[in-house]
Amino acid sequence: MTAWAIEAVDLVKRFPRKAQAETGETRDGEAAASQRRPWWPFGKKAEPAWFTAVNGVSLGIARGEVFGLLGPNGAGKSTTIRMLCTLLEPTAGTALVNGYDVRKQPNQVRQSLGTVLGGERSIYWKLTARENLEYFAALYHIPPDLAKRRIAGLLERMELTARANDLVEKYSSGMKQRVAIAKALLARPPIVLLDEPTLGLDPQAARRVRELIGELKAEGHTILLTTHYMEEADQLSDRIGIIDQGQIIALDTPAALKELIGQKDVVRLEIANWHPDMDTGLRRLPGVSNLVMRRLESDSLWEVNLQADSSRAILSGIIEGVNQNGTRLVNLNIVKPSLEDVFIHLTGKALRD
Amino acid sequence: MAVQLEPYAPVPSLARDDFPAKLRAQWAVFTRAWTIFRRYPTWVAAVLIWPVIFPAVYILGARALAGPDGRGLAAFVQATGIQDYIGYIVVGTTVWMWQNIVLWEVGTSLREEQLRGTLESNWLTPTWRFSFLLGSSASQLIEMILFLGISYIEFSLLFGVQFQGNPLLALLVILLCIPSIYGMGFTFASLVITAKEASAFVFLVRGVVMIFCGITFPVLLLPEWMQLVAGWLPQTYMIEAMRMVTLGGADLRAVAPDLAALAGFGVFWLAVGFLVFGWMDRRARQAGTIGQY
Numbered sequence: 001m002t003a004w005a006i007e008a009v010d011l012v013k014r015f016p017r018k019a020q021a022e023t024g025e026t027r028d029g030e031a032a033a034s035q036r037r038p039w040w041p042f043g044k045k046a047e048p049a050w051f052t053a054v055n056g057v058s059l060g061i062a063r064g065e066v067f068g069l070l071g072p073n074g075a076g077k078s079t080t081i082r083m084l085c086t087l088l089e090p091t092a093g094t095a096l097v098n099g100y101d102v103r104k105q106p107n108q109v110r111q112s113l114g115t116v117l118g119g120e121r122s123i124y125w126k127l128t129a130r131e132n133l134e135y136f137a138a139l140y141h142i143p144p145d146l147a148k149r150r151i152a153g154l155l156e157r158m159e160l161t162a163r164a165n166d167l168v169e170k171y172s173s174g175m176k177q178r179v180a181i182a183k184a185l186l187a188r189p190p191i192v193l194l195d196e197p198t199l200g201l202d203p204q205a206a207r208r209v210r211e212l213i214g215e216l217k218a219e220g221h222t223i224l225l226t227t228h229y230m231e232e233a234d235q236l237s238d239r240i241g242i243i244d245q246g247q248i249i250a251l252d253t254p255a256a257l258k259e260l261i262g263q264k265d266v267v268r269l270e271i272a273n274w275h276p277d278m279d280t281g282l283r284r285l286p287g288v289s290n291l292v293m294r295r296l297e298s299d300s301l302w303e304v305n306l307q308a309d310s311s312r313a314i315l316s317g318i319i320e321g322v323n324q325n326g327t328r329l330v331n332l333n334i335v336k337p338s339l340e341d342v343f344i345h346l347t348g349k350a351l352r353d
Numbered sequence: 001m002a003v004q005l006e007p008y009a010p011v012p013s014l015a016r017d018d019f020p021a022k023l024r025a026q027w028a029v030f031t032r033a034w035t036i037f038r039r040y041p042t043w044v045a046a047v048l049i050w051p052v053i054f055p056a057v058y059i060l061g062a063r064a065l066a067g068p069d070g071r072g073l074a075a076f077v078q079a080t081g082i083q084d085y086i087g088y089i090v091v092g093t094t095v096w097m098w099q100n101i102v103l104w105e106v107g108t109s110l111r112e113e114q115l116r117g118t119l120e121s122n123w124l125t126p127t128w129r130f131s132f133l134l135g136s137s138a139s140q141l142i143e144m145i146l147f148l149g150i151s152y153i154e155f156s157l158l159f160g161v162q163f164q165g166n167p168l169l170a171l172l173v174i175l176l177c178i179p180s181i182y183g184m185g186f187t188f189a190s191l192v193i194t195a196k197e198a199s200a201f202v203f204l205v206r207g208v209v210m211i212f213c214g215i216t217f218p219v220l221l222l223p224e225w226m227q228l229v230a231g232w233l234p235q236t237y238m239i240e241a242m243r244m245v246t247l248g249g250a251d252l253r254a255v256a257p258d259l260a261a262l263a264g265f266g267v268f269w270l271a272v273g274f275l276v277f278g279w280m281d282r283r284a285r286q287a288g289t290i291g292q293y
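Line order of the protein sequences matches chains L and Y.
Taking our numbering, I'd label the letters of the first sequence as residues 1 to 353.
Taking our numbering, I'd label the letters of the second sequence as residues 1 to 293.
No lab work stands behind these hints: they were computed from the structure.
As the structure is a computational prediction, the values presented were derived from the model and not from experiment.
No incorrect hints appear here.
Below, a list of computed lysine-lysine pairs in the DSS-like style, where the Cα atoms sit at most 25 Å apart:
{"#": "1", "chain 1": "L", "residue 1": "Lys258", "chain 2": "L", "residue 2": "Lys217"}
{"#": "2", "chain 1": "L", "residue 1": "Lys264", "chain 2": "L", "residue 2": "Lys349"}
{"#": "3", "chain 1": "L", "residue 1": "Lys126", "chain 2": "L", "residue 2": "Lys148"}
{"#": "4", "chain 1": "L", "residue 1": "Lys170", "chain 2": "L", "residue 2": "Lys148"}
{"#": "5", "chain 1": "L", "residue 1": "Lys104", "chain 2": "Y", "residue 2": "Lys22"}
{"#": "6", "chain 1": "Y", "residue 1": "Lys196", "chain 2": "L", "residue 2": "Lys126"}
{"#": "7", "chain 1": "L", "residue 1": "Lys148", "chain 2": "Y", "residue 2": "Lys22"}
{"#": "8", "chain 1": "L", "residue 1": "Lys258", "chain 2": "L", "residue 2": "Lys336"}
{"#": "9", "chain 1": "L", "residue 1": "Lys217", "chain 2": "L", "residue 2": "Lys148"}
Sequences are here, hints too, so could you generate the full structure?
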């Protein structure tokens, strides 16, 4: 048995894609337009442009660990997880899951994994929760008598026993997600992959899922969790890999990652009547770096995050710089660094961009 | 970096990898497909109405062309050797409908799973992936047995068709039709996952069957090059053998060449279906198309 539950070395996944009409530029910067002759239907086809979704990901996840893969949408989290669970073949690199090679021993890999991928759409809505679990128990080759006991136990644990014989189409999103998680746990897999397990859930349902992840860890399961909710990754993970543009840009414990920001202060402002010139003004303040802003969904306020060598030294400058020409500083907080701030520190952009 | 964790308590998996477990998985796919099929009640209307509606168009056309006293039928009898023109039409249209329904239902079974979002869930289990196609086809076959049974009753009661001949031989013809029809269905199911669209394929194949295989007329009426094409289509032999047995009272020796052709086509199409499925699975793993809808 290897030391790692999951070990990936230089995983790469490239997809061919249609070249952009104008430039043919891809993330890799490969120009494709110059090779195409759109008016000529015969002859040699143009070389496809390539999109690199995952670019040399290496990581090791210890047995019994909760590992969070954190990154914005499109960063390569789901592509990585799909390679690990054998849905996708890596273009290059290797990965071992529970000691089995994802290319050469895909069946053993699948026997070692429970996966929540696609959330509530991953189960049959025209079947009941019990029928879904009986079906997937058979697909995981669990003996019938064992499956019956296991299903009863999981329905109880997911608080679904009372509705177990109702069609899933009548369930709430949270209940459907619980069925999907129960499905992943049927075979009591040593490793559980959870791809955005709380996406689209109400706060109460999301909290229940997070509690469940803690329980699974206590039972000895290894958990790989992908999420773009930084608080969730922070709260649940022993270690976190931050992924951006297909590459792991930082990997450590949440506390160690936050220390990357060092002695800097994180200042969070809420500003009314924001106008773009103010961006430059704030950046000119001494010791200010990594300024990102976003419009708050609830009203016309803008939230501005910046990192500073010393917040005390710039407070008066911020107040003077903001409160002019009808712009108003509504709120100012000096906050503890979060994983979002780490991401901003590493990439210069917000996770939600 | 060092990972500080509490002592690891291994979790023994409950998954088994023996032959009975694989058979149970196959059975589970079949029962799941059959249960979901039954939960859409519109299937009852389809199974009851289609066997009558589709051939009725051709039967009424034939009546109109034959004239009020049926004088024109003499030419038909001379060309086909069969008196019962209604029986002749319903046999052809039933084979066509069988192939058409299989192309739609088996051919789109994986695509429907993909659209529903459940294809990845199935693909993530250790079950042999071809089982999913076999299981949904088995469920569809039960539906078709029901369809053929209802067709038989409706043709007898509503159209007055008198089927004759050896019922066991007719059953043998039906059994030998299955591999070709479902092998084509497997091939379609795999191609549709790649192309993400079924209707163009289905319209093409059913059009070819309708024109070349003589569902309402003898193939001998076609130009020579079309007869050559018809010779490469298993549906031609299905229709021919079924008409000879159920309407002409032919014995095993008479239909043996057709049955041999059907057996050969069956092996061919099952092999093509299996190989195309394997190609699709490999391509989907490379291109990431299983989860895309």
